[in-house]
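J.: Given chain A's structure and the hints, the job is docking chains B and C onto it.
Residue numbers (this note's numbering), protein chains in the order written: chain A, 1 to 447; chain B, 1 to 322; chain C, 1 to 278.
Derived from the structure by calculation, the hints contain no laboratory data. One or more of the hints may lead you astray.
What the hints assert, rightly or not - Chain B regions said to be covered by chain C (calculated; three or more residues, Cβ under 8 Å):
(1) 47-55
(2) 89-97
(3) 112-124
(4) 249-259
(5) 282-289
(6) 293-303
Given the structure is predicted, the values throughout are model-derived calculations rather than measurements. The beta carbon of each residue, even a glycine, is placed where N, CA and C say it ideally should be.
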Amino acid sequence: MKRKLAGIAALATASALVLAGCSSTPAEKASTDGKGKTITLWLAGSDTPDALRDYLKTEFTKETGATLKIQQQDWGDLVTKLTTALPDANNTPDVTEIGNTQSPTFTNVGAFLDISDMYKELGGSDLLQSFVDAGTVDGKNFTLPYYFGSRYVFYRKDVWQKAGITQPPTTLDEFNKDVATIAKAEPTLSGFYLGGQDWRDGISWIFANGGDIAKKKGDKWVATLDDPKTLTGLEQLQAIYKDASKAPNDAQDSNQYIYLNDDDEIPAAKEGDKATPVSLSAATIMAPSWAHWSIGVKGTGDDGKVTRTWDDNTFGVFALPGNDGNTAPVFAGGSNIGISATTKNPGLSKTLMKIIFSKKYQELLGKNGLGPANQKYVSSLGDDEFAKALIASASNSKLTPAAPGWASVEASKVLEEFFSKIAGAPDLTALAKQYDEKITPMLNAKN
Amino acid sequence: MAIDTLPATTPPRASGQLQRTDAPARRGRRRLTLTAWLLLVPSIVVLAAAMGYPLVWQIITSMQSFGLAQQFGKPAPFVGLENYAKLVTDPYMWTVVGRSVLFCLLTAAITMVVGVLMALLMKAVGRVVRVILQVSMLLAWAMPIVAAMTVWTWLFDWRRGVVNWLLTRMGLDFEGHNWLANPLSFFAVALIIVVWMSVPFVAFSIFAGLTQVPDEVLEAAQMDGASGWQRLRGIILPMVRPVIAIVMLLQIIWDLRVFTQIKMLQDRGSIASETNLLGTYIYQLGTGSSDFAMASAVSVFVLIITIALSWFYVRQMLKEGA
Amino acid sequence: MPARTRRTLLGVLGVVVALIWVFPVYWMVNSSMLPNAQLQLLTPTFLPFGGSFDNFTQVFAGGTFLPALGMSVTVALITVVVCLLFAFLAALAISRFRFRGRTAFVLAILLVQMLPAEGLFIAQYKMMAGLGLLNTVIGVSVIYIASVVPFTIWMLRGFVAGIPADLEEAAMVDGLSRTQAFMRITFPLLAPGLVASGVYAFLQAWNEFTVALVLLPDNASATLPLWLRGFIQASASKAIDWGQVMAASTLVAVPVIIFFLFVQGRMTSGLVSGAVKG
Numbered sequence: 001m002k003r004k005l006a007g008i009a010a011l012a013t014a015s016a017l018v019l020a021g022c023s024s025t026p027a028e029k030a031s032t033d034g035k036g037k038t039i040t041l042w043l044a045g046s047d048t049p050d051a052l053r054d055y056l057k058t059e060f061t062k063e064t065g066a067t068l069k070i071q072q073q074d075w076g077d078l079v080t081k082l083t084t085a086l087p088d089a090n091n092t093p094d095v096t097e098i099g100n101t102q103s104p105t106f107t108n109v110g111a112f113l114d115i116s117d118m119y120k121e122l123g124g125s126d127l128l129q130s131f132v133d134a135g136t137v138d139g140k141n142f143t144l145p146y147y148f149g150s151r152y153v154f155y156r157k158d159v160w161q162k163a164g165i166t167q168p169p170t171t172l173d174e175f176n177k178d179v180a181t182i183a184k185a186e187p188t189l190s191g192f193y194l195g196g197q198d199w200r201d202g203i204s205w206i207f208a209n210g211g212d213i214a215k216k217k218g219d220k221w222v223a224t225l226d227d228p229k230t231l232t233g234l235e236q237l238q239a240i241y242k243d244a245s246k247a248p249n250d251a252q253d254s255n256q257y258i259y260l261n262d263d264d265e266i267p268a269a270k271e272g273d274k275a276t277p278v279s280l281s282a283a284t285i286m287a288p289s290w291a292h293w294s295i296g297v298k299g300t301g302d303d304g305k306v307t308r309t310w311d312d313n314t315f316g317v318f319a320l321p322g323n324d325g326n327t328a329p330v331f332a333g334g335s336n337i338g339i340s341a342t343t344k345n346p347g348l349s350k351t352l353m354k355i356i357f358s359k360k361y362q363e364l365l366g367k368n369g370l371g372p373a374n375q376k377y378v379s380s381l382g383d384d385e386f387a388k389a390l391i392a393s394a395s396n397s398k399l400t401p402a403a404p405g406w407a408s409v410e411a412s413k414v415l416e417e418f419f420s421k422i423a424g425a426p427d428l429t430a431l432a433k434q435y436d437e438k439i440t441p442m443l444n445a446k447n
Numbered sequence: 001m002a003i004d005t006l007p008a009t010t011p012p013r014a015s016g017q018l019q020r021t022d023a024p025a026r027r028g029r030r031r032l033t034l035t036a037w038l039l040l041v042p043s044i045v046v047l048a049a050a051m052g053y054p055l056v057w058q059i060i061t062s063m064q065s066f067g068l069a070q071q072f073g074k075p076a077p078f079v080g081l082e083n084y085a086k087l088v089t090d091p092y093m094w095t096v097v098g099r100s101v102l103f104c105l106l107t108a109a110i111t112m113v114v115g116v117l118m119a120l121l122m123k124a125v126g127r128v129v130r131v132i133l134q135v136s137m138l139l140a141w142a143m144p145i146v147a148a149m150t151v152w153t154w155l156f157d158w159r160r161g162v163v164n165w166l167l168t169r170m171g172l173d174f175e176g177h178n179w180l181a182n183p184l185s186f187f188a189v190a191l192i193i194v195v196w197m198s199v200p201f202v203a204f205s206i207f208a209g210l211t212q213v214p215d216e217v218l219e220a221a222q223m224d225g226a227s228g229w230q231r232l233r234g235i236i237l238p239m240v241r242p243v244i245a246i247v248m249l250l251q252i253i254w255d256l257r258v259f260t261q262i263k264m265l266q267d268r269g270s271i272a273s274e275t276n277l278l279g280t281y282i283y284q285l286g287t288g289s290s291d292f293a294m295a296s297a298v299s300v301f302v303l304i305i306t307i308a309l310s311w312f313y314v315r316q317m318l319k320e321g322a
Numbered sequence: 001m002p003a004r005t006r007r008t009l010l011g012v013l014g015v016v017v018a019l020i021w022v023f024p025v026y027w028m029v030n031s032s033m034l035p036n037a038q039l040q041l042l043t044p045t046f047l048p049f050g051g052s053f054d055n056f057t058q059v060f061a062g063g064t065f066l067p068a069l070g071m072s073v074t075v076a077l078i079t080v081v082v083c084l085l086f087a088f089l090a091a092l093a094i095s096r097f098r099f100r101g102r103t104a105f106v107l108a109i110l111l112v113q114m115l116p117a118e119g120l121f122i123a124q125y126k127m128m129a130g131l132g133l134l135n136t137v138i139g140v141s142v143i144y145i146a147s148v149v150p151f152t153i154w155m156l157r158g159f160v161a162g163i164p165a166d167l168e169e170a171a172m173v174d175g176l177s178r179t180q181a182f183m184r185i186t187f188p189l190l191a192p193g194l195v196a197s198g199v200y201a202f203l204q205a206w207n208e209f210t211v212a213l214v215l216l217p218d219n220a221s222a223t224l225p226l227w228l229r230g231f232i233q234a235s236a237s238k239a240i241d242w243g244q245v246m247a248a249s250t251l252v253a254v255p256v257i258i259f260f261l262f263v264q265g266r267m268t269s270g271l272v273s274g275a276v277k278g
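Excised from the complex, chain A in its bound form:
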């Protein structure tokens, strides 16, 4: 899953990119007359469940008489497709979802329609502010939050208990200690599986110790990996990589949950038989909230497909704790949604936006485990442990630096590279300095 879970590049320096030809169509009212017309909505990945898609289609036709065509785009291809299709009036999607880190890049170049006039109507200040910021240029709203997610900890209660730990940790230090203990007790397992390049999860250790990737000094952005507070976090990460995690040093932040499941319950395979060990290989992982649909006891559904049923005795979740009594800050995840600037159906597109931001749809999102954009409806997430962990971790979520060159930093994968070197670094300060020098110029590059 290529979800952009990183934070949001806000737009402090965006004024440099004042848009001359920003095509804001004369304010057109949401339309209800669309007989015979069709508009297209792009959704990224398979995160929006079919039931919600059907709801949108039906509701849209009911409201306008027009047809809604929903096309799913893979996260991995989304930027390529947006780059080519959005400027092209004949082939643009009318409305599209976009990763929250991708949003500023596109809003800055005028790819989206100005929907400031609808902002209040769609939820106004009830909408998740950091996501709204990611879609704002010069005080105008171009994209709005679609849903939010967060990362929290999934763990195997059975394995933790076997290692003698019965209570989830309440501080980060305790967490670090616990996972090392488990790794020691169960030498074949990762006490905590953290991919060597998984900076999107690992960053929480930097944040929790008060550090950051980059800060703005004067009017220049400077990478701050060698800041003493950042270094404290890096040292803790190094200890985890050495003592608790067996993840390869090039693993990234996808599919961690497969390491938490028992997958190999083959009748012939015997427990403890070294030739055919079961697949469980991590006692703890950190993953996006929606991963809980993929974790659980294996079964077979009516259609013959593998199903996963959550079992409270085996699995548990908690928000990663910090050392200050609060949760540790995590990267906000989720996506934004907006109307293409080149759409030929701005009226109908606005109607679709109204349906998406309606109470009914927002609550549907919540019921499916996706954090609703409108904070009034967060309660629809329910009050089970997932909802609690989601809300607790999201309450302290952070964004990626709002530097103009942030897209280049991500594209060059320099942070993946830096993280993969933490485990084996004899001198973390030197390593941090070396990568500060690489990242700082990228941060200030103007594209």
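T.: Frame of chain A; chains B and C shown alone:
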């Protein structure tokens, strides 16, 4: 047997025939030139249609400042050769160029050696074994690249890969070994995959060439006491040289711009900046950072490198009556 | 070493090499028949005993395979036919005529081969969008034809040059028309070249991914490589089901193998040796 005759190139006697066909040309040179060009029209039209505009666009863009804003309609300022200047003074660019050229030459060389050996083996064995060999080559060749990469990355998977399993069984400690993390072993894996995919084409082409070597000549040489190696060097290789030349050229061209294999391996792991080749670097600049001007400049630069690398060959081939 | 022993040893070597080469293919087919749980074992299962075609059934159940197959077959066949026709004409020109601009043309088609494709997607998109050819068979086919035509011209050129022009003239003296002479004499001799080039063109069109991604943005017009990648990505967002992915990969490979077998059938009629040995 169908496979026997896959790619063949200019038979040695081609030039003789050319002269014969030249005879009528004297009668109406102008008319024949016209006929020739008429025959070329369809190819030229389709090439111009598909490649003309993109090529021109690329050259123009490489001399502009062209990012995402320009893609969305902002006018693109002309910057002359600034992008190229930036490119040739960027040490990372040269690292990638060096790495790509090395990878390309090594892969092409190994592919050629293995391909030639494979062709010789096909010729040396009996009919049944030959068919077995050819079918296995065909299957490998026919495998779609996305499917092939999925299987290969899985074979080398650190956790469930067959390669690690086999090596561990052989008494080596490869349990949980990650092949993609270290750039050297990353490229070793990439090389194995690319060679595996390219050898069938090379082997079939050269085998087709080998079938043109008259058995009588070889027998005569053997009777004169020439050893196997001498026959190979003295008779066989010179006779299939035209085939080897064109196939080698194509390998160099293809291996220099290898993209899909590297990209899909990178998606599975490794450090991008240490494993980028020219193809993935262009992709990163263009699709990743939306710096389409630089991506275009690098593309044009790659074109120039390819011409430089293959110039010798091309001249040689043109001389030999292309 | 006696010749017999040598031959046996080489035969054994040949079989071993063949097995090594075909192993990844075998692995794909083998895995496609095993349940995912079995594939997750640390000890690989080398033979699909107790396997089933369940994975295939489930891949088909998705309902998107057949449309993608139709699209791929159409695009590949158009590419092969048009490319062979165009390339044959061009090969005729450069091997039978000496004319002004010939070298320039040969150089130009070599150059086209050398252009890296990764930087071209915006231009290709703009062009096809401008012509209204996005999501159409024609749009991708034109690009594919252009990318295989140069190599095909190179390949066919050797074959055309190898066919004595007198042969055709002699047949015409015997009373055949030019077309008849071509169909009966020249064409059969060209067949191996056409087959070789056709196989190459088919594989290129069948496998191509990047151009298809840009020019066929609508899922409904996806070709098989796009479909397969979509399938892998969709699978990856849940726990990845290797068995199904391998079944899907096998399904993409099978038509190519059928195409090969078909082409090979054409060739066993003995045309081959004649043409090459002249």
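J.: Are the hints correct? Go through all of them and say.
T.: Going down the list of hints, with the structure as the test:
1. 47-55: holds (count 7)
2. 89-97: violated (count 0)
3. 112-124: holds (count 4)
4. 249-259: As far as the segment 249-259 of chain B goes, the hint holds, because 4 residues have Cβ atoms under 8 Å from chain C.
5. 282-289: Coverage by chain C holds for the segment 282-289 of chain B (4 residues, Cβ < 8 Å).
6. 293-303: Holds: 6 residues of the segment 293-303 of chain B have a Cβ under 8 Å from chain C.
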